[in-house]
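So you can see what is in the structure, the chains are spelled out below.
Number of protein chains: 2
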Amino acid sequence: MSSSEAPAAVKPVPGLHEDGSPERLAIDTIRTLSMDAVQKANSGHPGTPMALAPVGWTIWSQFLRYDPAHADWPNRDRFVLSVGHASMLLYSLIHLAGIEEIGADGEKSGKEAVSLADIEQFRQLSSKTPGHPEYRHTTGVETTTGPLGAGCGNSVGMAIAERWLAARYNKPGFPVYDHDVYVLCGDGDMMEGVSAEAASLAGHLKLSNLCWIYDSNHISIEGGTDLAFDEDVGLRFKAYGWNVLHIDDANDTGAIAAALRTFRETNDKPTFIVVHSVIGWGSPKAGSEKAHGEPLGEDNVRATKKAYGWPEDKSFYVPDGVAEAFKASIVERGRPLRDEWVAMMDRYRAEHPELAAELDLLLKDELPADWDADIPEFPADEKGLASRDSSGKVLNALVKRVPWVVGGSADLAPSTKTDIKGADSFEASNYAGRNFHFGVREHGMGAVVNGMALSHLRSYGSTFLVFLDYMRAPVRLSAIMELGAVWVFTHDSIGVGEDGPTHQPIEHLATMRAIPGLDTIRPGDANEVAWAWRAALEKADRPTALVLSRQALPTLDRSKYASAEGVMKGGYVLADCDGEPEVILMATGSELALVAAAHETLKGQGVRSRVVSMPSWFRFELQDQEYQDAVLPPGVHARVAVEMAGSMGWDRYVGRASTGGRTITMSTFGASAPLAKLQDKYGFTSDNVAKVAREAMEAAS
Amino acid sequence: MSSSEAPAAVKPVPGLHEDGSPERLAIDTIRTLSMDAVQKANSGHPGTPMALAPVGWTIWSQFLRYDPAHADWPNRDRFVLSVGHASMLLYSLIHLAGIEEIGADGEKSGKEAVSLADIEQFRQLSSKTPGHPEYRHTTGVETTTGPLGAGCGNSVGMAIAERWLAARYNKPGFPVYDHDVYVLCGDGDMMEGVSAEAASLAGHLKLSNLCWIYDSNHISIEGGTDLAFDEDVGLRFKAYGWNVLHIDDANDTGAIAAALRTFRETNDKPTFIVVHSVIGWGSPKAGSEKAHGEPLGEDNVRATKKAYGWPEDKSFYVPDGVAEAFKASIVERGRPLRDEWVAMMDRYRAEHPELAAELDLLLKDELPADWDADIPEFPADEKGLASRDSSGKVLNALVKRVPWVVGGSADLAPSTKTDIKGADSFEASNYAGRNFHFGVREHGMGAVVNGMALSHLRSYGSTFLVFLDYMRAPVRLSAIMELGAVWVFTHDSIGVGEDGPTHQPIEHLATMRAIPGLDTIRPGDANEVAWAWRAALEKADRPTALVLSRQALPTLDRSKYASAEGVMKGGYVLADCDGEPEVILMATGSELALVAAAHETLKGQGVRSRVVSMPSWFRFELQDQEYQDAVLPPGVHARVAVEMAGSMGWDRYVGRASTGGRTITMSTFGASAPLAKLQDKYGFTSDNVAKVAREAMEAAS
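Sequence order for the protein chains is A and B. Positions 1 to 701 (full-length UniProt numbering) are the ones given, in order, by the first sequence. Positions 1 to 701 (full-length UniProt numbering) are the ones given, in order, by the second sequence.
Honestly, the hints are just simulated from the structure, not real lab data. Note that the structure is predicted; figures quoted are calculated from it, not measured. Errors might be hidden in some of the hints.
Because identical chains share one entry, a pair is satisfied inside a single copy or across any pair of copies.
[To be verified] Simulated crosslink set (DSSO-like; lysine-lysine; CA at most 27 Å straight-line):
hint : residue 1 : residue 2
1    : K238      : K206
2    : K40       : K677
3    : K393      : K290
4    : K677      : K111
5    : K40       : K681
6    : K681      : K111
Using the sequences provided together with the hints, build the complete structure.
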C-alpha cells in the first residue's frame with residue numbers, strides 16, 4: 001500500500017480497491033468497522049485503528065501463530081494492544097479472524113468471541129466490546145489495556161513467562177513453549193515511565209521473543225507531539241539494548257512484513273519497530289488530534305468511505321469473503337502448529353509424565369496436593385520475628401512444591417525476604433532462574449508480574465509498602481483482571497523507624513483495602529503469615545497483598561489464643577472474656593500483640609474485653625452476617641481499633657465516636673526516629689489502649 | 001585526587017593528607033562525619049556520602065552561588081540530593097558551609113541550620129537530621145527526597161520555574177532570576193520511570209540551567225547493577241536531547257570541575273554528567289552493596305579512618321579550619337552576588353514598581369488584594385455544566401489577577417479544561433508561557449509541579465482522576481512538604497461512562513482523603529467549584545486536590561439552598577426540614593443534586609430529611625466539634641451517604657449499619673456503558689436514595 005500524504009480535506013486514495021485484493025479489502029474493513037462502531041456509540045477512538053489497520057492485518061494474517069478455534073492454546077503467539085483506546089482495531093481483528101468464544105468455565109460457548117452484532121454494541125452495557133479491551137470478558141483479549149504503558153509492561157512479563165516456561169518444560173524434541181509477543185504501542189505508551197522501566201528490563205534480559213511496534217503518529221491529545229515529546233525514541237531503545245527498525249509508512253505492509261521477519265530472525269535482543277503513521281488515515285481529520293478520541297461525524301465517515309472506495313451508505317459492512325480469507329490466512333498457519341503441539345504433548349505426557357502433570361496443574365491454575373505441607377507451624381516466642389522474616393520462611397517452604405511460584409523484588413529482596421533460597425536468578429543467561437531482579441522499577445515490576453500471571457505463573461513482586469504509590473496502576477489492574485498475583489509489601493508502618501516519613505506508610509493500607517477485589521492481608525504473627533500465604537496461593541483468580549512488618553513481632557501462644565486459621569475468614573476472635581464483652585479491641589499486624597497485652601491489663605482492672613484479629617477486611621466482608629455478628633456483636637458499641645496507620649475505614653467496624661467507637665491510629669505523617677520513641681509519641685502502648693478502651697466504654701454507656 | 005581501585009580489604013590511600021590540603025581535609029571530613037553519624041544512629045546509608053563527597057565538595061566550594069547567611073535568597077543556585085538516603089552528605093555540607101537557620105516564621109533563628117550536635121543526633125526524634133532530607137524541617141534542604149526519582153523530577157520543576165520567573169521578571173539590566181539547579185542522583189533514580197519522564201521533558205524544554213550528576217557506582221541493594229540494569233544511560237540521555245559528559249573517577253575533582261564548567265557554558269540543553277564512583281570508598285566494604293544501607297561497623301569505621309590518614313579514635317571530628325575554609329569558598333562567591341542582587345532589587349523596585357510588588361507577593365506566598373474578584377457566581381441552571389467546565393471558567397477568571405498561577409496537564413488539557421485562554425504555551429522558544437504541556441507523564445508532571453511550587457509558583461497539574469494512580473508519590477510528597485500545589489482531577493467517577501472500568505475511578509477519592517494534609521475537594525456544582533478554587537489558592541502551604549465531573553451537573557438555585565461558601569467549612573447543611581431531621585442525606589460532587597432531589601421526594605412522603613454537602617472531609621474535620629455536631633447532630637442515627645465511588649471512609653459519618661448507617665456507593669469496578677445505564681445499574685437514582693433513607697430510619701429506630 002502507498003503513501004501517507006495528508007492533504008487538508010478528504011484524502012483521495014488513488015487506485016485503492018482497483019484490484020480488490022483481499023489485503024486492501026480486509027484493511028479497509030477494519031477501518032470502516034472501527035469508524036462505524038465509534039460513530040454509532042457516539043464515543044470512542046477511531047483514528048488509531050484506521051492508522052494501524054495495515055499493521056494489525058500484517059501481524060495477524062502473516063505472522064501470528066494462533067488457532068481461532070483454540071484461543072487458549074498455551075503456545076499461541078500473544079498480541080497485545082497497548083493502545084487500548086484503539087480497541088475497535090482488536091475487536092475487528094478478533095471478529096474477522098473468527099475467534100471462538102471460551103466461556104468463564106474454560107469451555108467453548110459455541111459463540112463467536114466478537115460477532116458483528118457485538119461490534120454494533122460497542123461501548124454498551126454488558127456488550128463484548130467495552131470501551132477498552134477487558135481480559136476475561138472478551139476471548140482473544142490477552143490483557144486489559146487502556147491505562148497507557150500497561151500493555152507494554154505486561155508484554156515483558158509475557159515474554160519472560162515464555163522464556164521461563166520454555167526453560168522448565170521444553171525437552172529435546174519437545175518445544176512446548178516457543179512463542180512470541182507482539183505489541184502495538186503509541187506515543188502515550190512511550191511517554192509513560194512504566195514502559196521505559198519495562199523496556200530497560202526487557203533489553204537487559206535479551207527477550208528476543210518480544211516485539212514492540214511503536215505507532216509514531218506525531219499526534220497527542222493536546223496537539224502535535226512536538227508540544228512535549230521530541231526525543232529520539234529509537235535511539236533510546238538502542239540504549240536499552242533493543243534492535244531498532246524503522247518503517248516510513250504504516251501503509252507499507254511489505255516493509256512491515258520485512259521488519260517482522262527481521263524480528264523473527266533476531267535471537268539476542270528484543271525488537272522495536274518505529275512505524276510512522278497518519279492518525280485517522282484517509283479521513284478529513286487525518287493527521288489531526290481531532291481524529292483521536294471522538295467520532296469522526298456522519299459526514300466525515302461518508303467522506304472517508306468514499307476516499308477508500310467503499311460503499312458510502314453501508315455501515316458495519318464486511319464484503320463477502322473478507323472474513324473468510326482473513327481467517328484462512330491465520331488458520332492455515334496456526335492450526336497445523338497447534339495440532340502438532342497437541343500431538344507432541346501426548347508424546348510428552350508419556351516421556352515426561354511428571355513435568356506433564358505439573359504443566360496440567362499450572363494450566364488449570366491449580367496447586368499440587370499437599371502443596372502447603374512444608375509450611376511450618378511457628379512455636380510461641382515472646383521475642384518472635386518480623387512478619388517479613390516469617391513470610392520468607394513460609395515462601396521458601398511452599399516454593400519447593402509449587403515450582404511455578406516465581407518472583408522477586410524491585411531491588412529490595414534482602415529486605416523484603418522474598419528470595420527463594422538455593423534458586424538461581426532469572427537472567428539472560430539462565431531463564432530457568434526463579435529469583436527475579438526487577439531493578440528499582442516498581443511500576444514496571446507490577447506490570448511485568450501481571451504479564452507473568454497472564455501466562456499462568458504464580459508470580460509475586462515485592463517492595464516496601466510506601467512504594468506501593470509507584471505501582472498502584474498495576475495492582476489495580478491485577479484486581480480488574482482477577483489475576484492470582486501476590487504483592488508482598490514489607491516495612492508496613494512507622495515501624496520503619498529511622499528512615500522517616502517518606503518511607504513510613506500511613507494511608508497505604510486504606511488505599512489497598514479500597515480496591516475492589518484485592519485481598520489485603522496484614523497478618524499479626526508468624527502463624528497468621530503462614531495462613532496468609534495459604535490464602536494468597538489458593539486463589540488463582542484474585543490478587544492478594546501481604547502487608548508485613550520490618551520489626552519483630554511476638555509469635556502468639558496459640559494454645560492460649562485461637563488458631564491462626566482464622567485468617568481465612570478475615571477476622572476472628574483471638575481472645576475473649578467470660579460473658580458478653582464490655583469492649584472489643586481490634587487490631588491487625590504489629591498491633592495484635594499490643595491489644596492482646598491491653599486485654600490482659602483490662603482483665604486485671606476487671607474489664608471484660610474481647611480481642612478481634614482483623615488481618616483481612618476483604619475476607620471478613622465475604623463471611624455471612626451471622627459470622628460477622630458473632631465476631632463483632634452488634635450490641636457491643638464500645639470498640640477500639642488499633643493500627644499504626646491512618647484510621648480511614650475502621651469506622652465501619654468501630655462505629656461513630658458518639659456511640660463508642662475509637663481508633664488509635666495515625667492522623668499525621670510519621671517521623672524519623674527509633675521505633676520505640678515513635679510508639680510512645682503516637683500512643684501505641686498497651687496502657688494507652690486500655691485507657692482508650694475505658695473511654696470508649698464511657699461513650700457507649 | 002586519585003584512583004578508585006577497590007581491593008578486597010582495607011583500601012590504602014597513598015599520599016592522602018600528605019599535603020593536608022583544605023580540599024582533602026574537607027572531603028574526608030564529610031566522609032567521616034557521615035560514617036560516624038550512621039554508626040552512632042546504628043542506622044543509615046554511609047556508602048554514597050563517602051563516594052560522592054568529592055562531587056559535593058566541588059559543586060559547593062567552586063560553583064554553587066549561595067550565601068549561607070541567606071538560604072532563602074530567591075536567586076540562589078539549587079542543590080538537590082535526589083539520592084535522599086545519602087542525607088548525611090547534605091547535612092555535612094550544610095554544616096560545613098555554616099548555613100544559618102531560617103525559622104518557620106521566615107526569620108533567622110540565630111542557630112546553625114545543622115550543628116555538629118545535630119549531626120550527632122542523626123535519625124533521632126525531632127532532630128534537624130532525619131533519615132531523609134525534609135523540606136521546611138532543615139534549612140538548606142531544597143526538597144524532600146528519599147523516594148527515588150523524586151528529586152530528579154522536582155529539579156526539572158525548579159529549572160522550569162527559574163526560566164519562567166526570568167522570562168516574567170527579568171528586564172534589561174535586571175537579571176532577577178539567573179540560577180542553576182544541580183542534582184545528585186544514582187542508579188535507583190535512573191531506573192525509576194519518573195526520572196525518565198522528567199528527563200525527556202527537560203530535554204524537550206532545553207533547560208540548560210539544569211545539571212544532573214549521575215553517580216554510577218554499579219551497585220544496587222540486591223548486588224551489582226548488572227543484575228537488572230545494564231543499559232547505556234548516557235546514550236539514553238543523548239536521545240532525550242541532553243549534553244552528556246563522563247567522569248571516570250568520582251575522586252577526580254579536577255575532572256568534575258571541568259565538566260561543571262562545560263555545563264555552565266552550555267546554553268541550549270540540560271547537562272548529564274556520568275560519574276563513576278566506588279560506594280563506601282576507602283572502607284573495607286568499598287564497592288559492595290554492604291556499604292549501602294547499614295553502618296559500616298566500629299572496626300570498619302576505624303579501618304577506614306586509618307586508610308584516610310584520619311585519627312582513628314576521633315568521632316565527629318572536624319579538623320581546625322576545615323569548616324571555615326569551606327564556608328569561605330562559598331561566601332566569597334555567593335555573598336557578593338547576593339549583595340549585588342539585593343542592591344539591584346532596590347533599583348528594580350524604583351524602575352519596575354508593579355513587577356516588584358508582584359514579586360514581593362509571590363515570594364511571600366501571598367495573593368493580590370481582590371485576587372478572586374473576577375470569579376463568577378453561576379446562576380441557577382437545571383441543565384448546568386460539568387464541574388470540569390466550571391473549573392475551567394473559574395481558573396480563567398482568577399489567573400488574570402494572579403500571573404504566577406501556571407500549570408497544565410498530562411496531555412489532557414482539552415478534557416480537563418485547564419488551559420489558560422489566550423496564554424501561550426511554555427516552550428523552549430517561549431519560557432513566558434503559562435500553559436504547560438507535560439506530555440503523557442503523570443508521575444513526572446507531579447514531581448515537576450512540586451518543583452515549581454518550591455520556587456513559589458502556584459502550580460497546578462491535571463489529569464483524569466483514575467490516573468492519580470500514576471502520580472500518587474508526588475501528591476503524597478506535596479502533602480509532606482506542605483506545598484500549595486493544586487491537583488486537578490477530572491472524570492471523577494463512573495460518570496466517565498463508555499471508557500469503562502480502567503478509566504472509572506472507584507477507590508481514588510478514599511485514597512486521597514487518606515493522605516494526611518491533603519485537602520480533597522469534590523464540589524457539587526459550579527458555585528461550589530468557585531469556592532473550591534478559592535479554598536485551594538488561599539492556602540500556599542497545603543496542597544489541594546479538586547475532583548471534578550466529566551458530565552454536566554445542575555447549578556443549584558442558591559436562593560433556595562444554602563450558600564456554596566459552605567465549601568470553606570468542608571461540609572454544610574444544604575437543605576433542611578422543619579424540626580429535627582429523621583434522616584440525614586450526605587453527598588458530594590455529582591451526587592449532590594441527586595440527594596437534593598431525594599430530599600424533595602421524601603418531603604412528599606412526609607419524611608423530614610436534611611441534605612448535607614460534604615465536598616471536603618479534610619476541612620470539615622478542621623471545624624470545632626460544635627459546628628460538626630450542628631451539621632451532623634449526634635442524635636440522628638439514620639444517615640445515608642451517596643457517592644459514585646467506594647464507600648471507604650463514609651462510615652465515619654454514617655455510623656455502623658446496625659445503628660442506621662447506609663451508603664449508596666460502588667462496591668465493584670464499573671463498566672463500559674453510557675452513564676444513565678450505569679446510574680440505573682448501580683442504584684444512583686433519587687428513588688433508590690429515598691428508599692434506602694427509609695431503610696436507614698428503620699434500622700435506627
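Hints and how they fare:
| no. | hint | result |
| --- | --- | --- |
| 1 | K238 to K206 | both (12 Å within a copy, 22 Å between copies) |
| 2 | K40 to K677 | between (63 Å within a copy, 16 Å between copies) |
| 3 | K393 to K290 | between (56 Å within a copy, 23 Å between copies) |
| 4 | K677 to K111 | between (64 Å within a copy, 25 Å between copies) |
| 5 | K40 to K681 | between (61 Å within a copy, 22 Å between copies) |
| 6 | K681 to K111 | between (63 Å within a copy, 26 Å between copies) |
In summary, this structure violates none of the numbered hints.
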